[in-house]
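Student: In case you want the letters, here they are:
Protein chains: 2
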Amino acid sequence: MASTIKDVAKKAGVAPSTVSRVIADNSRISLSTKKRVRKAMKQLGYHPNINARNLAVRSTQAIGVVMPSSADTALQNPFFPEVLRGIGSFAHETEYSLYVSTGGDDDDIFEEVQRMVHGNRVDGIILLYSRISDSVQQFLMEEEFPFVIIGKPSEQENEITHVDNDNYKASLELTNHLIDIGHQNIAFIGGSDELTVTIDRLQGYRQAIQEAGLPLPEEYIVHVEFLKSGGREAVEQLFSLQTPPTGLVVADDLMSLGVINMLEEIGLNCPEDVSITSFNNLYLAEITTPPLTTVDIQIYMLGVHAARCLIEKAQNKDEPAKRIIVPHEVKYRQSTKEIDPTK
Amino acid sequence: MASTIKDVAKKAGVAPSTVSRVIADNSRISLSTKKRVRKAMKQLGYHPNINARNLAVRSTQAIGVVMPSSADTALQNPFFPEVLRGIGSFAHETEYSLYVSTGGDDDDIFEEVQRMVHGNRVDGIILLYSRISDSVQQFLMEEEFPFVIIGKPSEQENEITHVDNDNYKASLELTNHLIDIGHQNIAFIGGSDELTVTIDRLQGYRQAIQEAGLPLPEEYIVHVEFLKSGGREAVEQLFSLQTPPTGLVVADDLMSLGVINMLEEIGLNCPEDVSITSFNNLYLAEITTPPLTTVDIQIYMLGVHAARCLIEKAQNKDEPAKRIIVPHEVKYRQSTKEIDPTK
Numbered sequence: 001m002a003s004t005i006k007d008v009a010k011k012a013g014v015a016p017s018t019v020s021r022v023i024a025d026n027s028r029i030s031l032s033t034k035k036r037v038r039k040a041m042k043q044l045g046y047h048p049n050i051n052a053r054n055l056a057v058r059s060t061q062a063i064g065v066v067m068p069s070s071a072d073t074a075l076q077n078p079f080f081p082e083v084l085r086g087i088g089s090f091a092h093e094t095e096y097s098l099y100v101s102t103g104g105d106d107d108d109i110f111e112e113v114q115r116m117v118h119g120n121r122v123d124g125i126i127l128l129y130s131r132i133s134d135s136v137q138q139f140l141m142e143e144e145f146p147f148v149i150i151g152k153p154s155e156q157e158n159e160i161t162h163v164d165n166d167n168y169k170a171s172l173e174l175t176n177h178l179i180d181i182g183h184q185n186i187a188f189i190g191g192s193d194e195l196t197v198t199i200d201r202l203q204g205y206r207q208a209i210q211e212a213g214l215p216l217p218e219e220y221i222v223h224v225e226f227l228k229s230g231g232r233e234a235v236e237q238l239f240s241l242q243t244p245p246t247g248l249v250v251a252d253d254l255m256s257l258g259v260i261n262m263l264e265e266i267g268l269n270c271p272e273d274v275s276i277t278s279f280n281n282l283y284l285a286e287i288t289t290p291p292l293t294t295v296d297i298q299i300y301m302l303g304v305h306a307a308r309c310l311i312e313k314a315q316n317k318d319e320p321a322k323r324i325i326v327p328h329e330v331k332y333r334q335s336t337k338e339i340d341p342t343k
Numbered sequence: 344m345a346s347t348i349k350d351v352a353k354k355a356g357v358a359p360s361t362v363s364r365v366i367a368d369n370s371r372i373s374l375s376t377k378k379r380v381r382k383a384m385k386q387l388g389y390h391p392n393i394n395a396r397n398l399a400v401r402s403t404q405a406i407g408v409v410m411p412s413s414a415d416t417a418l419q420n421p422f423f424p425e426v427l428r429g430i431g432s433f434a435h436e437t438e439y440s441l442y443v444s445t446g447g448d449d450d451d452i453f454e455e456v457q458r459m460v461h462g463n464r465v466d467g468i469i470l471l472y473s474r475i476s477d478s479v480q481q482f483l484m485e486e487e488f489p490f491v492i493i494g495k496p497s498e499q500e501n502e503i504t505h506v507d508n509d510n511y512k513a514s515l516e517l518t519n520h521l522i523d524i525g526h527q528n529i530a531f532i533g534g535s536d537e538l539t540v541t542i543d544r545l546q547g548y549r550q551a552i553q554e555a556g557l558p559l560p561e562e563y564i565v566h567v568e569f570l571k572s573g574g575r576e577a578v579e580q581l582f583s584l585q586t587p588p589t590g591l592v593v594a595d596d597l598m599s600l601g602v603i604n605m606l607e608e609i610g611l612n613c614p615e616d617v618s619i620t621s622f623n624n625l626y627l628a629e630i631t632t633p634p635l636t637t638v639d640i641q642i643y644m645l646g647v648h649a650a651r652c653l654i655e656k657a658q659n660k661d662e663p664a665k666r667i668i669v670p671h672e673v674k675y676r677q678s679t680k681e682i683d684p685t686k
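Here the protein sequences line up with chains W and P, keeping their order.
So that you can map any letter, position 214 of the first sequence is 214 in the working numbering, and since no number is skipped, the others follow by simple counting.
Add 343 to the 1-based position in the second sequence for the working numbering, that's all there is to it.
Mixed in with the good hints, there may be bad ones.
[What the hints assert, rightly or not] A partial selection of chain W residues facing chain P, derived with a Cβ cut-off under 7 Å:
1. Pro81
2. Ala91
3. Leu98
4. Tyr99
5. Thr102
6. His118
7. Ile132
8. Thr289
9. Pro291
[Stated by the list, open to error] Just some of the chain W residues that point at chain P, by a computed CB distance under 7 Å:
10. Leu84
11. Gly88
12. Ser89
13. His92
14. Val100
15. Ile287
If you're looking for bench data, these hints aren't it; they were derived computationally from the structure.
All values reported here derive from a predicted model rather than from experimental measurement.
From the three backbone atoms N, C-alpha and C, an ideal C-beta is built for every residue, glycine too.
Let the sequences and hints guide you as you build the complete structure.
Tutor: Now the structure itself:
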């Protein structure tokens with residue numbers, strides 16, 4: 001006969017209600033009691049029926065992860081597997097599983113999040129993106145459902161727990177590096193201008209250019225997709241201008257890979273003709289020709305911190321909203337070169 | 344007041360039991376009826392309580408995805424995000440979400456799969472690996488729970504639906520290519536010798552070497568992890584031999600990247616000194632220096648086919664076991680070079 005909660009309680013020497021709380025991973029139960037009860041469950045081969053359990057205590061031991069677009073497109077950029085890796089690592093330690101969205105467009109994603117919340121499928125949600133007036137963020141706020149954003153919320157910043165980098169400062173550093181080595185015509189290639197990450201990186205670039213009193217024609221600011229194809233597209237636009245740039249601030253390494261490829265096709269060389277600075281330090285940044293000067297944003301740690309904050313929030317609704325800024329570091333490699341003043 | 348199944352039924356002009364079947368995605372309901380009912384649900388803002396629904400009809404609209412090791416380690420190899428991309432794409436079309444394992448070692452993974460099955464968390468499971476006498480495979484067989492393997496089952500091949508490449512043949516082709524361009528000392532670098540994918544690739548290599556009557560010392564066969572570090576380790580072993588190889592068959596591109604790095608460190612050049620043939624055609628295979636001659640195994644399509652087979656099986660328990668062999672293609676690039684007979 002299958003064992004019951006009572007059998008487990010007896011074996012572990014605790015009350016049946018304690019067993020229920022352990023199953024629900026209630027934070028009031030001490031770690032040593034949890035261990036003892038879990039051991040008894042294992043020895044008796046007891047498996048709580050998770051659905052019955054959900055209805056009773058509303059703990060699913062699962063974290064919802066929402067991608068910015070369909071998993072199909074997003075997973076092409078190594079940022080997402082790397083951030084999932086960080087989330088998965090913390091989830092693993094705390095015995096949570098991941099429930100990953102597959103929705104394609106905004107409507108799909110919104111419906112999927114509604115299913116996660118109303119269907120009681122997950123204990124909380126991590127949004128892997130943040131954009132202006134996002135209906136998913138608003139919905140989660142209204143529902144008072146635990147969620148964490150990787151990136152910066154576009155509004156209600158103090159009420160939403162988020163894990164971010166100082167993208168403004170990092171972009172300022174990259175642009176100043178190009179200025180320091182003599183570049184005067186510097187363009188910016190970013191993702192959608194509705195994403196807060198693009199807005200912050202653009203602002204850092206603008207600030208540096210303006211402080212240095214350099215030209216900033218609006219054609220020098222290009223918004224494309226966070227994919228290799230986006231980088232190619234940007235090169236087509238920028239290098240058909242009358243005064244093409246000699247330096248680039250590119251918001252993502254995969255884009256930069258596309259930039260390098262396309263420059264080659266139109267007969268330009270990096271770093272001889274064009275210097276590239278980039279973001280994210282994806283592992284591909286080290287194996288491109290040339291290796292990229294790029295900002296290490298510690299993607300893995302963004303995931304770990306987000307998972308930790310979310311689980312804290314899911315276990316204790318009174319946990320205050322937090323902001324965590326993960327430190328960044330510019331990795332100087334061979335994609336930038338001093339301007340030759342004799343040219 | 345929240346709307347009920349009856350409200351939805353009335354609005355869509357069907358019986359309430361039909362609405363329940365649509366919620367459960369019963370395959371007997373026509374697509375047009377499903378669309379009509381779903382539209383009514385949307386208009387009325389009706390959200391089925393998914394847990395109540397699970398208890399009633401046991402459909403979760405989720406696919407379990409089991410990684411070979413912790414998501415943490417596995418996601419370092421771009422194979423996994425790419426296969427998830429394929430699975431996610433098909434799941435998206437059929438409105439399934441993904442439930443991804445985070446377990447670290449074999450015991451963790453086994454427990455997580457038990458939770459998925461006994462907790463009724465998923466409709467079926469895709470195993471992203473296959474190894475000899477795997478307790479997870481055996482458990483799923485005993486439970487008669489729908490599952491699909493990406494790779495080749497180590498036993499009961501005719502009873503388990505699996506999606507695979509012809510790894511034996513692909514490996515034979517790579518090895519013959521090295522032989523054709525004059526290499527006589529050819530070594531094999533594979534993953535764990537318990538994985539069926541390694542066994543098949545090793546067998547193809549052996550066959551080609553033996554057919555050509557070339558030397559095959561056991562030291563030429565090295566088993567390491569499917570990571571960059573594994574490739575580095577293998578080079579240390581092979582290039583301290585008295586007769587080091589001039590040609591390599593490497594079971595994974597990320598390993599090959601490690602091989603190239605480590606060769607460089609010990610003063611050897613690819614392809615001048617050592618020719619490399621590889622597997623998987625990860626996108627990094629095109630941007631390494633030199634770009635890799637590698638087998639395109641169509642990782643994305645492996646994922647798509649696995650998801651399709653699993654959902655068919657989950658919706659119809661009588662669906663027979665299938666084997667799907669996704670075609671492969673060798674991509675010839677610059678990592679192999681004809682042996683100079685004057686050397």
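Student: Can the hint on W/Leu84 be confirmed by a CB-to-CB distance to chain P that is less than 7 Å?
Tutor: holds, 6 Å
Student: Using the nearest Cβ pair, does W/Ser89 come within less than 7 Å of chain P?
Tutor: holds, 4 Å
Student: With 7 Å as the cut and Cβ atoms as the points, is W/Val100 at the interface with chain P?
Tutor: For W/Val100, the interface hint holds, since the closest Cβ of chain P sits about 4 Å away, which is under 7 Å.
Student: Return the status of the interface hint for W/Tyr99: holds when the least beta-carbon distance to chain P is below 7 Å, violated otherwise.
Tutor: This interface hint holds because 6 Å falls under the 7 Å limit.
Student: Hint validation: W/Thr102 versus chain P, beta carbon distance must be below 7 Å. Holds or violated?
Tutor: It holds, given that the least Cβ distance between W/Thr102 and chain P is near 4 Å, below 7 Å.
Student: Closer than 7 Å between Cβ atoms is the bar; does W/Thr289 clear it against chain P? Give me holds or violated.
Tutor: holds, 6 Å
Student: At a threshold of 7 Å, is the proposed contact between W/Pro81 and chain P supported by beta-carbon distances?
Tutor: holds, 4 Å
Student: When the nearest CB of chain P is found for W/His118, is that gap smaller than 7 Å?
Tutor: holds, 4 Å
Student: Do the numbers back the hint for W/Ala91, that is, is its least Cβ distance to chain P under 7 Å?
Tutor: holds, 5 Å
Student: Using Cβ atoms only, decide whether W/His92 comes closer than 7 Å to chain P, and label the hint accordingly.
Tutor: holds, 4 Å
Student: Would the hint on W/Leu98 be counted as holding, given a Cβ-Cβ threshold of 7 Å to chain P?
Tutor: Because about 4 Å separates W/Leu98 from the closest Cβ in chain P, which is inside the 7 Å limit, the hint holds.
Student: So, W/Pro291 near chain P? Judge it on the closest CB pair being under 7 Å.
Tutor: Hint on W/Pro291: violated, closest Cβ of chain P at ~10 Å, above 7 Å.
In summary, the structure is inconsistent with hints 7, 9 from the numbered list given earlier, while agreeing with the others.
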